[in-house]
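Novice: Listed here are the chains, written in short residue letters.
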Amino acid sequence: MPQVTLTVNGKAASVEVEGRTLLVEVLRDKLGLTGTHVGCDTSQCGACVVHVDGKAIKSCTTLAWQVDGSTVTTIEGLAAADGTLHPMQEAFREYHALQCGFCTPGMVMSAIDLVTTHPDGLTEQQIRDGLEGNICRCTGYHNIVKAIAAAWPVMHGRGTLAAAAE
Amino acid sequence: MYDFAFSKPTNVADAVKLLGDPDAKPISGGQTLIPVLKQRLNKPTTVVDLTKLGLSGITVTATTVTIGATTTHVTVATSADVAKAIPALAHLASHIGDRAVRYRGTIGGSLANNDPTADYPSAALALGATIKTDRRSIAADDYFQGMFTTALEPGEIITAVEFPIPEKAAYVKFPNPASRYAMVGVFVAKGPKGVRVAVTGAGQNGVFRHTAFETALAANFSAGALAGLATPADGMNADIHGSAAYRAHLVDVIAKRAVAAAG
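Heads up: the sequence lines are chains R and D, in that order. Our numbering puts the first residue of the first sequence at 1, with every later residue one more than the last. Our numbering puts the first residue of the second sequence at 1, with every later residue one more than the last.
Treat the hints as calculated values from the structure; they're not laboratory data. Warning: the hint list may mix true and false statements.
As the list claims (entries may be wrong) - To be clear about the criterion: a stretch of chain R counts as covered by chain D if any three or more of its residues have a C-beta under 8 Å from a C-beta of chain D, and this derived list gives those stretches: (1) 40-53; (2) 125-133.
Unchecked claim - To be clear about the criterion: a stretch of chain D counts as covered by chain R if any three or more of its residues have a C-beta under 8 Å from a C-beta of chain R, and this derived list gives those stretches: (3) 92-104; (4) 163-174.
Values in this document were obtained by computation on a predicted structure and should not be read as measured data. In this text, a Cβ means the ideal position worked out from N, Cα and C, and glycines have one as well.
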């Protein structure tokens with residue numbers, strides 16, 4: 001069976017795959033990283049979003065062998081070794097940007113990509129447009145948008161979450 | 001999904017050879033093919049990856065923008081060169097699917113698939129693009145041959161798409177609020193090939209040129225020139241999202257917006 005080698009959350013992983021094996025199946029079933037969710041399995045909901053070579057993509061719509069050799073970051077790879085949350089995770093907590101939590105891993109991964117790719121600023125409309133591919137059925141999105149706006153200065157070294165909350 | 005073998009050729013000749021097998025399917029970003037395979041609507045024995053062929057990249061000259069087949073939507077959307085030469089094209093690319101899809105999906109994949117609600121076919125047709133393949137060049141007017149149907153021969157691979165730079169152009173889409181596919185999308189262009197108007201999402205046979213609008217706009221390139229010209233509902237797509245009459249009306253509205261946006 002073909003082998004695929006990935007670096008997942010900083011660790012090398014070599015797994016056997018079939019042609020049809022999805023990246024999300026490797027992450028969840030072979031590597032036990034169940035933080036990445038499968039919501040719709042039809043490319044629409046974004047619960048499966050992970051970073052592949054720094055880009056937020058849908059792991060349910062990516063075959064594992066397509067990304068052979070890539071560096072993958074999942075929700076499990078965001079917090080520091082001592083448990084300190086990533087600024088985006090902290091912002092989601094601070095702003096109550098989740099209820100049931102099912103969409104949250106994908107939301108956070110998409111949100112980080114959105115902030116990273118907008119170093120000059122991020123408007124509310126850009127955040128809302130940027131979340132087109134992530135569906136949340138609980139929150140109504142408002143607090144997710146607030147959390148992302150609050151995380152932007154923190155991630156770009158221009159402020160703190162506490163300052164954004166005031 | 002049924003299982004399949006996969007292959008990652010590193011040159012076009014090898015890819016064409018592999019695709020000579022009628023049960024082989026090409027994959028680029030896979031943002032359409034993978035959902036299709038999940039639904040078991042296709043059963044290839046081998047999936048051939050086209051992303052290692054060196055077909056990605058954008059070249060801009062004084063008169064043309066050429067985009068390699070495996071160039072992703074996000075690359076086109078964020079290209080300063082494209083934004084300067086054909087801003088409507090960068091705008092279109094920035095509204096395909098969603099951000100995650102745009103990181104994977106490619107222009108060649110979109111044009112080869114020719115989904116009747118895809119965005120890129122309207123740009124290729126309105127701008128009078130040339131589709132370059134491993135064996136020939138195909139004018140957009142000859143390339144699109146109906147829903148999911150193109151002039152591509154079995155195993156023929158798109159290598160690049162060449163767009164003439166227009167004097168002005170704009171693309172306006174009325175997206176389905178759930179899927180983001182075009183309910184109706186209208187690309188208008190005034191350029192070296194005259195005034196051309198291409199409509200995606202609406203027609204039963206996929207993207208089409210709106211010749212009545214083109215004639216009116218050639219005489220007077222303004223939204224007002226389209227006043228009173230009602231698109232007939234015959235041949236329009238009808239589904240749970242909208243009737244043929246609804247789509248025909250949307251074509252009129254969106255075309256006027258596109259002309260106004262082109263300035």
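Novice: Each of the hints needs a verdict: does it hold here or not?
Specialist: Here's how the hints hold up against the structure:
Counting residues of the stretch 40-53 of chain R whose CB lies closer than 8 Å to any CB of chain D gives 6, so the stated coverage by that chain holds, three being the minimum. Coverage of the stretch 125-133 of chain R by chain D holds in this model, with 3 residues showing a Cβ closer than 8 Å to a Cβ of that chain against a need of three. Counting residues of the stretch 92-104 of chain D whose C-beta lies closer than 8 Å to any C-beta of chain R gives 7; at least three are required, and the coverage claim holds. Residue count for the stretch 163-174 of chain D with a Cβ under 8 Å from a Cβ of chain R: 0. That is fewer than the three needed, and the coverage hint is violated.
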